[in-house]
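Let the hints inform the model, and build the full structure from the sequences given.
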Amino acid sequence: MSERSGTAADTGEVLFSEPGARWRAVAYGPLICALLLAAELAAGVTPHWFALLFCAALITAFAVLQIYAARTHVSVEVTDGFLRNGAETTPIRSIAAVLPADSDDPWEDGRALGELTGVPRRRTAVGLRRTDGELVRTWAKDHRALRTALTEAIARGGTGSAGDTTRGD
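If you count by full-length UniProt numbering, then the sequence shown holds residues 1 to 169, one letter each, in order.
It should be emphasised that the hints constitute simulated quantities derived from the structure, not laboratory data.
Glycine is no exception: its CB is placed at the ideal position from the N, C-alpha and C atoms.
Treat the hints with care, as some may be off.
Okay, the calculated beta carbon distance ranges per label pair [unchecked claim]:
id	residue 1	residue 2	range
1	65	45	29 to 35 Å
2	23	156	30 to 36 Å
3	116	25	17 to 23 Å
4	31	102	40 to 46 Å
Below, the structure is given as structure tokens:
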């Protein structure tokens with residue numbers, strides 16, 4: 001296995017990026033618990049300190065796990081040289097074409113890039129034809145911007161290093 005090689009530091013200008021999830025969601029659980037504490041104090045009842053602290057810690061722990069997983073497996077980045085879907089990095093040079101959105105082509109049954117079994121929820125697929133003829137699907141929330149960035153990167157010729165798809169852990 002190789003190192004993840006789809007970061008802006010080693011492949012040039014970032015043309016498109018979706019992080020998969022935002023860290024600000026970690027604050028939602030403790031914020032709700034703080035509001036409940038304020039409501040208990042304002043109502044003049046004895047605050048449930050232990051329960052509120054326990055719930056805040058538990059919600060925070062689950063949120064951290066979910067956000068870390070989403071940022072690892074559902075993030076998308078396009079640079080001059082690479083397309084990264086989750087932990088799978090594909091050189092732009094290995095992409096022959098971005099397929100039309102409104103077609104009922106076989107690309108809709110193609111393999112989804114990334115190590116996931118399909119296109120993640122709330123993401124839209126974009127069809128790609130690789131230089132070896134394989135039809136695959138990349139995906140993003142903002143699929144129009146992804147399509148534009150991929151078209152631009154392919155037109156530039158993919159200035160990253162050549163090679164086949166690598167899956168980093």
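Structure-based check of each hint:
At roughly 33 Å, the beta carbons of residue 65 and residue 45 sit within the given window of 29 to 35 Å. Distance hint for residue 23 and residue 156: a CB-CB separation of about 32 Å, consistent with the stated range 30 to 36 Å. Range check, residue 116 to residue 25: about 20 Å between beta-carbon atoms, so the 17 to 23 Å window is met. For residue 31 and residue 102, the Cβ-Cβ distance of about 42 Å falls inside the hinted range of 40 to 46 Å, so the restraint holds.
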